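Student: So you can see what is in the structure, the chains are spelled out below.
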Amino acid sequence: MPSLKDLKTRINSVKSTQKITSAMKMVAAAKLRRAQEAAEKGRPYADRMQQIVNSLAAKAEPSSAPQLLVGNGKDETHLLIIVSADRGLCGGFNGAITRQTRNEVARLRSKGKTVKLLMVGRKSADALRRELGDSYLESLEGIQGTSVSFADAASIGDTVRNGFEAGEFDVCTVIFNKFKSAISQEVTLKKLIPAEVGEAEEAPADEVSVSYEYEPEEEALLAAVLPRNISTQIYSALLESSASELAARMTAMDNATRNAGDLIERLTLVYNRTRQATITKELIEIISGAEAV
Amino acid sequence: MAETTHLELVTPADIMVQKAANMVVAPGAEGFFGAMPRHAPLLSDLVRGVVEVHEGGKVVNRYMIDGGLADVSGESVTILTERAEDLDAVKREDIKSRAEAATGAEADFLNAVLEAL
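Residue numbers (my numbering), protein chains in the order written: chain Z, 40 to 332; chain B, 97 to 213.
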């Protein structure tokens, strides 16, 4: 049976933990709103870029199309870009990414492929360093604080593009948490090279695109657009991921705060019971002492 | 009021400009081109330069862009660019201090903006 003093200390420590978690929840909620806005504002650019790529890709000759679009014909070395968070305390956010990465690497390796990893965010990089550290191409930190800048995405894009041109890998996939809602995130794999091309919306778009003029030629234009598209895709993955991280943290901290509340309630009950038991015991002692006289 | 085309200037961060214009002049990869209402559909690569918005025969807005893409149709002009500055709204000192703080492509671009101001 813990003493009254022990219980009191315990209750106080849970209370201060609760204060921290509820503060973190509030901070995450406020930041989430901003991150969500940023993600929404970033969408028009990514969407239009995708439309343009789709309409150009639909016309490109598979034989002469740029390699960024169709790949270099090989499928040996895979580059995975892993987007996790720099900070913890956000529930299953980093765990989900780490698990997915481990599975994907195992899947590719079982098919005899070589896997290289480009880690964005500290958490997954640390978690996987021991088992997969030797396949790290690069490990980046600190680019997804409160605001994600396009320049960072562009520099990752450059790294990817240069690596591809130097033949360091054949296929590039980005793994990130996609923001679905404040309470749910989904681990998503997106192929960057060869580019994932959606079906160009046929019926209405087709009539217009038939008569499109291109300046310069379609192929040259495609070659100019694709590198930008890679940076844009990475940027939108970073935005989605940072919104997801904050959402995950908000949910996790909300649960933690509620659990701390339950714990305090239970401990307080035990505390009061112990206190009453002590009082009763003391009374009995006094009474029986008085009777004995 | 003559016919207008709808200009949209989109950067990765947000839609920077949305407005109607009589003509939009953009720095295409193969030379400047003007896009007026009912322009034939055109998809063009853009280089670093100034986008001019014409209205009533005068230039009303100038935007410096850092290359990009223009998607021109009969009713609209959509410009996608990584970096853009409104030349009429920015202050020289602001750009100057940002150019000093920035590195690489960003600094290059801001210096170009300074020259265009």
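Think of the hints as simulated: they come from the structure by calculation, not from any bench.
Any given hint might turn out to be false.
Unchecked claim - The calculated label-pair distances, taken between Cβ atoms and stated as ranges, are:
| hint | chain 1 | residue 1 | chain 2 | residue 2 | range |
| --- | --- | --- | --- | --- | --- |
| 1 | B | N207 | Z | E256 | 25 to 35 Å |
| 2 | Z | N201 | B | D184 | 45 to 55 Å |
| 3 | Z | E79 | B | G130 | 46 to 56 Å |
| 4 | Z | Q106 | B | E126 | 23 to 33 Å |
| 5 | B | A198 | Z | K47 | 52 to 62 Å |
| 6 | Z | E258 | B | V143 | 15 to 25 Å |
| 7 | B | G200 | Z | E207 | 18 to 28 Å |
| 8 | Z | N111 | B | V156 | 44 to 54 Å |
| 9 | Z | N111 | B | G200 | 37 to 47 Å |
| 10 | Z | A97 | B | A185 | 35 to 45 Å |
| 11 | Z | T153 | B | H150 | 52 to 62 Å |
All figures in this text were calculated on a predicted structure; none of them were measured in a lab.
Positions of the beta carbon are idealized from the N, C-alpha and C atoms, including for glycine.
Student: Broken hints, numbered, in rising order?
Tutor: The structure breaks hints 2, 3 and 9; every other hint is satisfied.
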